[in-house]
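Undergrad: When you get a sec, could you build the whole thing from the sequences and use the hints?
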Amino acid sequence: MNLDSDLQPTKLYGKTVSSVSNRDLQQAMTHHLLQNYNIRMNSTNKYFMALDPVNDLEIIKKYRHLVYVNTNQKIDLIFLTTIQNHPICWYIDKFHDNFYCLKCQFSSNLYQGTVLEGEYVDGFFLVSDFLVYMGKNIVAYPMDRRVKLLESIIGPDNYHYDPVTDPFQIVMKDFVEPSQLISFVKTYLPTLPYQQKISGLIFRPNEKSNKNLIFNFNSNQRTVFPRINTDIVHPTPIIPLTHIPVLHTTDDEKTPTPTQLPQLTPLLPLVTTVPQKINHALHPQVRFMLFESGNPDDYQLKLVGDSGQLVDYDYALVNDIKTSQYLQNLLDEASPITKRMGICVACQYHPKFDKWKPLQVSHDPPDHLAQLL
1 MNLDSDLQPT
11 KLYGKTVSSV
21 SNRDLQQAMT
31 HHLLQNYNIR
41 MNSTNKYFMA
51 LDPVNDLEII
61 KKYRHLVYVN
71 TNQKIDLIFL
81 TTIQNHPICW
91 YIDKFHDNFY
101 CLKCQFSSNL
111 YQGTVLEGEY
121 VDGFFLVSDF
131 LVYMGKNIVA
141 YPMDRRVKLL
151 ESIIGPDNYH
161 YDPVTDPFQI
171 VMKDFVEPSQ
181 LISFVKTYLP
191 TLPYQQKISG
201 LIFRPNEKSN
211 KNLIFNFNSN
221 QRTVFPRINT
231 DIVHPTPIIP
241 LTHIPVLHTT
251 DDEKTPTPTQ
261 LPQLTPLLPL
271 VTTVPQKINH
281 ALHPQVRFML
291 FESGNPDDYQ
301 LKLVGDSGQL
311 VDYDYALVND
321 IKTSQYLQNL
331 LDEASPITKR
341 MGICVACQYH
351 PKFDKWKPLQ
361 VSHDPPDHLA
371 QLL
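Take 1 as the starting number for the sequence shown in full-length UniProt numbering and just add one per residue.
Each hint should be verified, as a subset may be incorrect.
[As the list claims (entries may be wrong)] Heads up, simulated BS3-like pairs for lysine-lysine below, C-alpha to C-alpha not over 30 angstroms straight-line: (1) K322 - K352; (2) K94 - K211; (3) K355 - K208; (4) K339 - K136; (5) K186 - K211; (6) K352 - K15; (7) K74 - K11; (8) K148 - K62; (9) K355 - K148; (10) K277 - K197; (11) K136 - K94; (12) K94 - K11.
[Said to hold, decoys possible] Just the calculated beta-carbon pair ranges, DEER-fashion: (13) G294 - T165: 35 to 43 angstroms; (14) G123 - V361: 42 to 50 angstroms; (15) P284 - T191: 38 to 46 angstroms; (16) R23 - K277: 16 to 24 angstroms.
In short, the hints are calculated from the structure, not lab data. Glycine included, C-beta positions come from ideal geometry on N, C-alpha and C.
TA: As structure tokens, this is what we get:
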């Protein structure tokens, strides 16, 4: 396969890009997305229903939901992958099954298989879901955890927007708690550059459900919104998770790493809870036993307890690609027995995240929790 011969120049939102002209290549990529990530061109992994003011408000109150804007645009994909050792950023028009090769610039490590879902609106590709991260399907993760990871994926350390060549700027939609809804609608939404395209809100369950509830401003605002204000909303200030344009963090907020990818915390809570916390002021570096959890970038940290047995303490901080790859390679090279017994690693405490970040393998035994208090 000669990738250059399979592409032809075309226009996409006013910019020159390349589209796939080889039908076999289109079908191969469509098959790859389906077989590896369960992504279909003619459907999505969630469904949408109009918010029922009688029944759904109780559901929103009972189960945690995140709220974001609805623009009523078709859902497309950004797919970062590698073909013939070349990093490729694909823009996939799911409705027409078209693939466009863009010049968007992401951190090189993300081209191991990363899929973002969203829609084009007025010069922006608004990301509303994060489906695949570095070759691993993460749709089973709670939405708030995917949002935290996504926030850094398309932040300034991992994504560069070029207004000359890129047909759009990739940003993520703001996800807020229902408790912030009043400020979100009345204060924040009017500041967005695509505010005229916002038709309503979508209430997304944080986990264990694909049912998204649509609140339409035009038909529902007069009757339902006052009830939402009264029933589930408290007028707290809006603190959106992301902004347009993407803002750089200050120097004192940055961790000393070239990129910042937040950790994905586990799907299930720890079986064993540890009431005591390490005195990190006295012990900024600690030796833990590290174990796989079975989920991307989730590594369990254990210490020696009072009985001499290992006890669960926390999950490791993996907030950059370098650490992520180091730990992946470390576990890939470990024998099955070593994985079951754990690997002793020296970790550094990071106060910003209140987490411990693996630094290197240690040949000494893990620390005793009682000696770290």
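Undergrad: Enumerate the violated hints, using their earlier numbering and listing them in ascending order.
TA: Hints 6, 10, 16 contradicted; others consistent.
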